[in-house]
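Assemble the whole structure, with the sequences as input and the hints as a guide.
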Amino acid sequence: IQLTQSPSLLSASVGDRVTLSCKGSQNINNYLAWYQQKLGEAPKLLIYNTNSLQTGIPSRFSGSGSGTDYTLTISSLQPEDVATYFCYQYNNGLTFGSGTKLEIK
Amino acid sequence: EVQLVESGEGLVQPGSSMKLSCVASGFTFSNYGMNWIRQAPKKGLEWIALIYYDSSSKYYADSVKGRFTISRDNSKNTLYLEMNSLRSEDTAMYYCAIDSVPFAYWGQGTLVTVSS
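Residue numbers (the numbering used here), protein chains in the order written: chain A, -18 to 86; chain B, 11 to 126.
It should be emphasised that the hints constitute simulated quantities derived from the structure, not laboratory data. A couple of the hints might just be wrong.
Claimed, not checked - Interface residues of chain A toward chain B, partial, derived using beta-carbon atoms under 7 Å:
hint : residue
1    : Ala14
2    : Tyr29
3    : Tyr71
Stated by the list, open to error - No more than 25 Å apart at the CA atoms, straight line, and that leaves these computed lysine-lysine pairs for BS3-like:
hint : chain 1 : residue 1 : chain 2 : residue 2
4    : A       : Lys82     : B       : Lys29
5    : B       : Lys75     : A       : Lys4
6    : A       : Lys82     : A       : Lys4
7    : A       : Lys4      : A       : Lys25
8    : A       : Lys82     : B       : Lys52
9    : A       : Lys86     : B       : Lys52
10   : A       : Lys86     : B       : Lys53
11   : B       : Lys52     : A       : Lys25
As the list claims (entries may be wrong) - Residues on chain B that point at chain A, a partial pick, calculated with CB under 10 Å:
hint : residue
12   : Gly25
13   : Glu92
14   : Ala114
15   : Trp116
From the three backbone atoms N, C-alpha and C, an ideal C-beta is built for every residue, glycine too.
Right under this line is the structure:
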């Protein structure tokens, strides 16, 4: 399964509601996760099974979607959210998306 | 606290070999499968290998099959990745990760550069 993330680069202001998209080439059956990777760090798991928040992750992060289309939403962008965000499917094989780089405007 | 610490970073020439290690602590290493995942510079992430908790099964991505070997020593809480016939496209940050669905615990990574 191929994953296509959009946009590849997103610039937004602090406090904005931000939406990142991930589209699969086939049905992912909700076996989709989201990772945050800050510069020089390992990826951190944010969301699993489409909409389950990993322990310790702020509630401003949420996930949704079904079938082939999935979304990560940050309800109020904070400066510490600057990072690259990857989606990851584990329904059929293991595939990561190419990432969305999120910047502060 | 779960900790995974990779080592073995270095610069090698194409065609050469290299061995990476990942030392685990904070959990019962012998109970969990382990993975290697890599990330080429400014690129996405690629799963490359999985080993079961007892080494009974090993799986590889097509891109490394036949060249890389994953192994572990449960007495030393250590995971290994032996890499042979290295190519420029193997240049990447290599992470070890506990086998969970999805991967929740990762090391900080070790950088492998293949260049002449």
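Hints, verified against the model:
| no. | hint | verdict |
| --- | --- | --- |
| 1 | Ala14 | holds (4 Å) |
| 2 | Tyr29 | holds (5 Å) |
| 3 | Tyr71 | holds (5 Å) |
| 4 | A:Lys82 x B:Lys29 | violated (32 Å) |
| 5 | B:Lys75 x A:Lys4 | violated (28 Å) |
| 6 | A:Lys82 x A:Lys4 | holds (16 Å) |
| 7 | A:Lys4 x A:Lys25 | holds (20 Å) |
| 8 | A:Lys82 x B:Lys52 | holds (11 Å) |
| 9 | A:Lys86 x B:Lys52 | holds (22 Å) |
| 10 | A:Lys86 x B:Lys53 | holds (23 Å) |
| 11 | B:Lys52 x A:Lys25 | holds (17 Å) |
| 12 | Gly25 | violated (28 Å) |
| 13 | Glu92 | violated (21 Å) |
| 14 | Ala114 | holds (5 Å) |
| 15 | Trp116 | holds (4 Å) |
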